[in-house]
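Protein sequences appear in the order of chains R and Z.
According to my numbering, the residues represented by the first sequence are 1 to 211, in order.
According to my numbering, the residues represented by the second sequence are 212 to 422, in order.
Be a bit skeptical, because a hint or two may be false.
Here chain Z is said to cover these stretches of chain R; the calculated rule only asks that three of the stretch's residues, wherever they fall, bring their Cβ under 8 Å from a Cβ of chain Z [to be verified]:
1. 73-84
2. 118-131
3. 144-151
Rather than coming from a laboratory, the hints here were simulated on the basis of the structure.
C-beta: ideal position from N, C-alpha, C; glycine also.
Protein chains: 2
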Amino acid sequence: MSRIRTEEEKQVARRMTREKQKEDWLQQQEEKRSGHERYMKEAVKQAKKAAALGEVPIGCVIVQEGKIIGRGYNRRNTDKSTLAHAEIAAIRRASRAVGDWRLEDCALYVTLEPCQMCAGAIIQARIPEVFIGCMNPKAGCAGSVYNLLEEPAFNHQAHVFRGLLEEECSQLMKGFFKDLRLRTGRESQEMAKTERRRETAKTEGRQETES
Amino acid sequence: MSRIRTEEEKQVARRMTREKQKEDWLQQQEEKRSGHERYMKEAVKQAKKAAALGEVPIGCVIVQEGKIIGRGYNRRNTDKSTLAHAEIAAIRRASRAVGDWRLEDCALYVTLEPCQMCAGAIIQARIPEVFIGCMNPKAGCAGSVYNLLEEPAFNHQAHVFRGLLEEECSQLMKGFFKDLRLRTGRESQEMAKTERRRETAKTEGRQETES
Numbered sequence: 001m002s003r004i005r006t007e008e009e010k011q012v013a014r015r016m017t018r019e020k021q022k023e024d025w026l027q028q029q030e031e032k033r034s035g036h037e038r039y040m041k042e043a044v045k046q047a048k049k050a051a052a053l054g055e056v057p058i059g060c061v062i063v064q065e066g067k068i069i070g071r072g073y074n075r076r077n078t079d080k081s082t083l084a085h086a087e088i089a090a091i092r093r094a095s096r097a098v099g100d101w102r103l104e105d106c107a108l109y110v111t112l113e114p115c116q117m118c119a120g121a122i123i124q125a126r127i128p129e130v131f132i133g134c135m136n137p138k139a140g141c142a143g144s145v146y147n148l149l150e151e152p153a154f155n156h157q158a159h160v161f162r163g164l165l166e167e168e169c170s171q172l173m174k175g176f177f178k179d180l181r182l183r184t185g186r187e188s189q190e191m192a193k194t195e196r197r198r199e200t201a202k203t204e205g206r207q208e209t210e211s
Numbered sequence: 212m213s214r215i216r217t218e219e220e221k222q223v224a225r226r227m228t229r230e231k232q233k234e235d236w237l238q239q240q241e242e243k244r245s246g247h248e249r250y251m252k253e254a255v256k257q258a259k260k261a262a263a264l265g266e267v268p269i270g271c272v273i274v275q276e277g278k279i280i281g282r283g284y285n286r287r288n289t290d291k292s293t294l295a296h297a298e299i300a301a302i303r304r305a306s307r308a309v310g311d312w313r314l315e316d317c318a319l320y321v322t323l324e325p326c327q328m329c330a331g332a333i334i335q336a337r338i339p340e341v342f343i344g345c346m347n348p349k350a351g352c353a354g355s356v357y358n359l360l361e362e363p364a365f366n367h368q369a370h371v372f373r374g375l376l377e378e379e380c381s382q383l384m385k386g387f388f389k390d391l392r393l394r395t396g397r398e399s400q401e402m403a404k405t406e407r408r409r410e411t412a413k414t415e416g417r418q419e420t421e422s
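Whenever a hint applies, use it, and build me the whole structure from the sequences.
Below, the structure written as structure tokens:
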């Protein structure tokens, strides 16, 4: 006869079940990696649209039964709106497509680890599967600073697959910030040159006046 | 001569400075409570609009230099969108009003503690001051489950004032859920009655056929 388990033992058992489910799920997705990569490539396409606008290149797609039902890319500066993140735009479109705020049978693909707002929106929309390109160690909320997607205290948890087309997604970000630094560097050089020219002109003007 | 401080000592000092600033800020807001209550009453008005639609009554306003520049109320089921939370709607309108995604000189008033998505949006929009009516112990992310608004790991932290018109905001929620229970109760009673009638009719029909 089995003895009655304590609450603590039950908690441990629940956690172990969760861990096991997570591992099994990851294993299954690993086997279907090439299929998932196809969707992440679509997210990368979206990210490139952001880059073309001079925005941080982040892209997202939402898939239901093999069909993309929502796309989005970062337009924060262009739209002058905090809500113009890639994931929020994709969630808005997907909700419109299915006619429900619950996206319970959908998978979300995003090139960069979501921020606190987007991770929150994913949980609020009850999206069950999230595929991430590269991580964002300083601000990401799907495992870096926080892990809002797999938090047992919330009423919904997502399965999370990290590092899908990681190299491509990471290069996209690195390339963008390298260009930005070069551009900013060139701009400050130009500014310094103009400043020097102005100073020289001033000095020469003074010398002419003095002579 | 003062000795060089260790990193740990510096951290402690920084935390203490933060705590002191927080206390001072709370003290100042306490003195201006009646002014803040005026804005919270506007948020309550918004919440009542949600209740009128049969939605969970949550309302929000955003104030800049004494002027309300964004209003919002929960329309999640009506709009069939996760993004139709009160705070998100108010942030969208406020951003449009100021023409910037940064709401750096604004204060946000909300009747219920924000969820993970809305707390995230507040941080992303860099709103510096947040006034909360009542707390949401099971799902709130401004001190209950998480405290995303005052997290030192993020690049922005808000000052948070809790319990503004708490009783009124709390009663709004309690009233809504009481009505909902009554309604659901009445509906199930109605359903049970109909079922009983159907059963009786069937039995009587059988008896008539048998006799």
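Against the structure, the hints:
1. Remark: the stretch 73-84 of chain R is confirmed as covered by chain Z, as 8 of its residues place a Cβ nearer than 8 Å to a Cβ of that chain, reaching the required three.
2. With 7 residues bearing a CB less than 8 Å from a CB of chain Z, the stretch 118-131 of chain R meets the requirement of three and the coverage assertion stands.
3. Beta-carbon proximity to chain Z at under 8 Å applies to 4 residues in the stretch 144-151 of chain R; the threshold of 3 is reached and the given coverage holds.
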